[in-house]
Amino acid sequence: DAMVIQNPRYQVTQFGKPVTLSCSQTLNHNVMYWYQQKSSQAPKLLFHYYDKDFNNEADTPDNFQSRRPNTSFCFLDIRSPGLGDAAMYLCATSSPGTSYGYTFGSGTRLTVV
Amino acid sequence: SQKIEQNSEALNIQEGKTATLTCNYTNYSPAYLQWYRQDPGRGPVFLLLIRENEKEKRKERLKVTFDTTLKQSLFHITASQPADSATYLCALLGGSSSASKIIFGSGTRLSIRP
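Note that the protein sequences, when read in sequence, are chains W and E. For reference, each letter of the first sequence is one residue, going 1 to 113 in our numbering. For reference, each letter of the second sequence is one residue, going 1 to 114 in our numbering.
Check the hints yourself; a few may be wrong.
[To be verified] Computed spacing ranges between beta-carbons, pair by pair: (1) E:Glu56 to W:Asn70: 35 to 45 Å; (2) W:Ser40 to E:Val45: 15 to 25 Å; (3) W:Asn56 to E:Arg58: 34 to 44 Å; (4) E:Asp39 to W:Asp62: 27 to 37 Å; (5) E:Gly41 to W:Phe15: 17 to 27 Å; (6) E:Asp67 to W:Asn55: 25 to 35 Å.
[What the hints assert, rightly or not] Taking beta-carbon pairs under 7 Å as the criterion, some of the chain W residues facing chain E (in silico): (7) Gln41; (8) Ala42; (9) Ala87; (10) Leu90; (11) Gly101; (12) Phe104; (13) Gly105; (14) Ser106; (15) Gly107.
Hints in this document: simulated from the structure, not taken from any laboratory. In this text the structure is predicted, and so the values were computed from the model without any measurement. All C-beta atoms, glycine included, are put in the ideal place defined by N, C-alpha and C.
The following block holds chain E by itself, in its conformation from the complex:
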């Protein structure tokens, strides 16, 4: 069955360091991979989308890589700040559906300590 795994439930790092979150998937051939941020009690907020033919995408302090051979995406936040503390969700989107239907991982809770 299709499965999405995010590397750990929680990640705790020092402010200013680079946070790296991992998303691995099996039995799936996504056309797109997306990352979302979710704060407690709120809906997810879209951050970045990367296509299967793209290796890397950047947006300000965020960087996403996508390796379809390893079936893995890495999500990096450089110069991390306490305000970056949140849960980050990986989501996969297949290309064959008539609607863009995505499946989410359970997320990694990131805490940035001052």
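If we strip away everything but chain W, and leave its shape as in the complex, we get:
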């Protein structure tokens, strides 16, 4: 089945130690997104790629970076995780112009110790 896969499901990192979360898709969608979701809150868009074009949200901290080496893969890098960065990180894809919503992965739950 075509899908969005996030690895790992759970990630524990030390305060200040760089961490990378990964996302892959088999849908061949143009657009890939990274959202941060904290408990009982709305998913918050961090950035998205439209093909190779990177679009950063104005309020996304510089501590968060992203890479998209090809259509299928996208990475979220947190350079120096703080306790406030503990959250669920969701990757999603979409194909603009269709009547379908976003397809989300199962998320990576990040814990910072």
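Dock chain E against the given chain W, drawing on the hints supplied.
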């Protein structure tokens, strides 16, 4: 600033009844409105999309209405079942962006008791 409000944090209803969830928005002119289901510890799952020129959309036991004058969408689950228990997110999508960028509400947690 743009704001999306979902009527309540939690809604608890009896199995078999119709669940009605509300999404209100301000300072926004969405081209589309979407509803997602999210189970604990999982990513959201797309349910329905309704366009600004559509009043109502149905899918099996689900019905969505969209009133651009009131700036409100209602999401109905008829003949509700315990398996429908989840958090339901409303999401708005503007039409002018080069990519389909959506903004989510914080969701309503629905519990269906047997």
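Taking the hints in turn, this is what the structure says about them:
Restraint check, glutamate 56 (chain E) to asparagine 70 (chain W): a C-beta distance of roughly 41 Å satisfies the suggested window 35 to 45 Å. Range check, serine 40 (chain W) to valine 45 (chain E): about 18 Å between beta-carbon atoms, so the 15 to 25 Å window is met. A beta carbon spacing of about 38 Å between asparagine 56 (chain W) and arginine 58 (chain E) agrees with the range 34 to 44 Å that was offered as a hint. The supplied range of 27 to 37 Å is met by aspartate 39 (chain E) and aspartate 62 (chain W), whose beta-carbon atoms lie about 33 Å from each other.
A C-beta distance of roughly 23 Å is found between glycine 41 (chain E) and phenylalanine 15 (chain W), which places it inside the suggested range of 17 to 27 Å. For aspartate 67 (chain E) and asparagine 55 (chain W), the hinted distance range of 25 to 35 Å is satisfied, since their beta carbons lie about 31 Å from each other. Interface restraint check: glutamine 41 (chain W) against chain E, minimum CB-CB distance 6 Å, threshold 7 Å, status holds. Checking alanine 42 (chain W) against chain E by beta carbon gives a least distance of about 4 Å; that is within 7 Å, so the hint holds.
A distance limit of 7 Å between C-beta atoms decides the matter here; for alanine 87 (chain W) the minimum to chain E is near 12 Å, and the interface restraint is violated. For leucine 90 (chain W), the suggested interface contact is upheld, since its CB lies about 5 Å from the closest CB of chain E, less than 7 Å. Satisfaction of the interface hint for glycine 101 (chain W) is found here, the shortest Cβ-Cβ separation to chain E being roughly 3 Å, below the 7 Å cut-off. Look at phenylalanine 104 (chain W): its Cβ gets to within about 3 Å of chain E, closer than 7 Å, so that hint holds up.
With 7 Å as the threshold, the beta carbon of glycine 105 (chain W) comes within range of chain E, its nearest partner Cβ sitting at about 5 Å, so the hint holds. Here the hint on serine 106 (chain W) is kept, as its CB sits about 5 Å from the closest CB of chain E, short of 7 Å. With a cut of 7 Å, the hint placing glycine 107 (chain W) at the interface with chain E holds, because the nearest CB-to-CB distance is about 5 Å.
Of the numbered hints stated above, the single one contradicted by the structure is hint 9.
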